[in-house]
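Residue numbers (the working numbering), protein chains in the order written: chain U, 8 to 478; chain Y, 6 to 257.
Among these hints, one or two may not hold up.
[To be verified] Derived Cβ-Cβ restraints for the label pairs, each shown as a range:
| id | chain 1 | residue 1 | chain 2 | residue 2 | range |
| --- | --- | --- | --- | --- | --- |
| 1 | Y | 157 | U | 402 | 42 to 50 Å |
| 2 | Y | 125 | U | 11 | 30 to 38 Å |
| 3 | U | 190 | Y | 169 | 43 to 51 Å |
| 4 | U | 41 | Y | 163 | 30 to 38 Å |
[To be verified] Cβ-to-Cβ under 8 Å is the rule here; a few derived chain U residues that face chain Y:
| id | residue |
| --- | --- |
| 5 | 425 |
| 6 | 427 |
| 7 | 457 |
| 8 | 470 |
Note that these hints are calculated values from the structure, not bench results.
Every value quoted in this text rests on a predicted model; they were computed, and no experiment measured them.
Cβ atoms here follow ideal geometry from the backbone N, Cα and C, with glycine treated the same way.
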Amino acid sequence: MLAASRDFMANARAGLANENLQRALGRARTGFPLRRHLAVERLPEFEELREAGRSIKDHTLEYLDFYLEHYESNVVASGGKVHWAGTPAEACAAVLQVCRSVGAKVVTKGKSMVAEEVGLNDFLDANGINPVETDLGEYIIQLRHEPPSHIIAPAIHLVKEQVADTFRAEHRSLDPDRSLVEPRQMCDEARAVLRPRFLAADVGITGANFLVAETGSSIIVTNEGNGDLTQTLPRVHIVMASIEKVVPTLEDAATLLRLLARSATGQEFSSYTTISTGPRRPGDLDGPEQYHVVLLDNGRSALLGGDFQDMLRCIRCAACMNHCPVYSAVGGHAYGWVYPGPMGAVLTPSLIGVEQAGHLPNASTFCGRCESVCPVKIPLPKMMRHWREREYARKLSPPVYRTGLALWAWVARRPALYHALTGLASRVLGWAGGYRGRFRSLPLANGWTKARDMPAPEGRTFHRLWTERSR
Amino acid sequence: MRVALFVTCLVDLFRPTVGFAAVKLLEEAGCTVEVPRAQTCCGQPAYNSGDRADAKAIAMQVFDAFAGYDHVVAPSGSCAGMLRLHYPELFADDPVNLARAQALAPHSWELSSFLVDVCGIEKVTAQWDRVVTYHDACSGLRELGIKSQPRQLLASVAGLRLKELPGAEVCCGFGGTFCVKYPEISDKMVTDKEADIVATGAEAVLSGDLGCLLNIAGKLFRHGRRIEVRHIAEVLAGVTADVAPIGLPRSG
């Protein structure tokens, strides 16, 4: 996917001005945190579970090469094939080669962020293969030619009236006067439209929430059941996953699944949790004839052993963005690439470069809410700060801030000078603003005073008054 | 106990009354309070901007200025969090200064948590006849776990009634340099905060960090809201009569 992260400022402004987006986000801002809160309250051992989740992922990352090879050998043992992809191009090529080998015209897709990351839909389209998204949210945004704005709720930026309009515009064979008011009606319509495509598909592509090394299985969770139809009906099932999705055992996956649903949607468990191991065996009633796994690295292995390794613990629950006040203000499209919110602010610069994604780790107040809800305790603010350090060291941050900061720091390291200057500033501002008690505008503080007043200082600094009092 | 007051740069410049209120509360709790003159700021603006070298230099200045006290207390969870959690991180690869950071960290406190958790204060003697609401500043809440301490102390203020703020744990959009680097996003966040505050019907909003309070007061005034904004220390120390609310002129 082409990145628009450089334009974060403009994207954010567009998001703030978009009334439908703000309506949609307003509901999500309170809904997701409340549901998670209630789910966590019902599980007294949730904190212990977080610790367990963290240590499972840390252990796996410590021995990632071993578990990946172990995983591959078990995929092969169950009759499947693993395609190692270092880059998005290699991942796309691997998918295309499998599709071509069976003469595929239509492929159905379950929700996969890795497929978004490698730009699979556009690539398949360009090669004469028609990809059909089957997750309701993904289906809606595919019709609208939009990228997802959230990693578990890809169409969360839309209100239902927009979805109704999209369906009317795209489902042209249906009665134009039909009622499309209730979400249920739209859901039924999408279901009816998608059903024949499920049956027509030659290849089904799903993502993976977890890959299990000891069995060579892939696991997906959905609430719509679309994943099951995607992977059992076509002749070929392709799993697209990134390398950090592997966990050692089914038991480990079970622990992480308990964290995932609660953190994501506040459910105790997702409606469907599907484990696939290889193609159909003799005697199986259903299942694909071929089972392929495309394993994507795309820069992840370079994070091992460095400042950003902890990011590879992420299980893509979206709790961080659901609790992020910045995400809630601007929406996911502002981040300009596949992964929005706090996890995107750390991961995106790792994957597409901090030159492109420099705004993302900066657009945070470090309020820490993301880290406090992360099911695997990723220190997101700390890692955003690491990105800022790299930007600062490479002089990528805006010169005006660097100069201002350097000047301030130079003064702050000289207490006598600092006190003289703050004493003066306090007097001048206190005198100028004392009559009203605040400023409606102030030179050099336009960013602040454009939208809010600036309270005036009392007029003397604490240190000046303290010195006088002590005399 | 010999306690050093970490004034914080915002209190020093904008609202010295908060510093004096903190001194009063600490002295009433039986502490001997001193104010090291060689202090300026905790260095957080540099640290959070990726400028580790300046952040370290300022931290070392803090080590020198605040050596030898039993405790260091700041009327801010943000600055206290810097001293308690981030200085040790900053010097993770520098054993000599790491030792100094680790010596300072466990003795550095935010004011309300120091009063309750260290001094064992259960109530204050202040009176303030107001319905108030309380915003939990992020660093104090999530870095230092400060939630019950300010509420416990506020509950003892005669005449004061606390109405909890929905979304009290959501950031107000200040975020230090964030509010000038991303002013539109910051504005949206403080506008949401304003709506939550107004919906409580409270006459006053309090918090433990001046940064948040300047931001919130600025937004409330811009929309002509008549809600008093004050630092919690002013209320607990009973000095509200000595100073106008944040953003109002000195003589009322």
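Please test the hint of 30 to 38 Å on the beta carbon pair from residue 41 of chain U and residue 163 of chain Y. Once the Cβ atoms are compared, 35 Å apart, the range 30 to 38 Å for residue 163 of chain Y and residue 41 of chain U holds.
Cβ distance range 43 to 51 Å for residue 190 of chain U and residue 169 of chain Y, holds or violated: Roughly 33 Å apart at Cβ, these two residues miss the hinted range, so it is violated.
Against chain Y, is residue 427 of chain U within 8 Å by beta-carbon distance? violated, 12 Å
Consistency of beta-carbon spacing, residue 11 of chain U to residue 125 of chain Y, with hint 30 to 38 Å: Since residue 125 of chain Y and residue 11 of chain U have Cβ atoms about 55 Å apart, the given range 30 to 38 Å is violated.
Are residue 457 of chain U and chain Y close enough, Cβ to Cβ, to be under 8 Å, as the hint says? holds, 6 Å
Restraint outcome when residue 470 of chain U is required to lie within 8 Å of chain Y by C-beta distance: holds, 6 Å
Tell me if the beta carbons of residue 157 of chain Y and residue 402 of chain U are separated by a distance inside 42 to 50 Å. holds, 48 Å
Chain Y contact restraint on residue 425 of chain U - CB to CB distance below 8 Å: Hint holds; residue 425 of chain U Cβ to chain Y Cβ min 4 Å, cut 8 Å.
Of the numbered hints stated above, those contradicted by the structure are hints 2, 3, 6, listed in ascending order.
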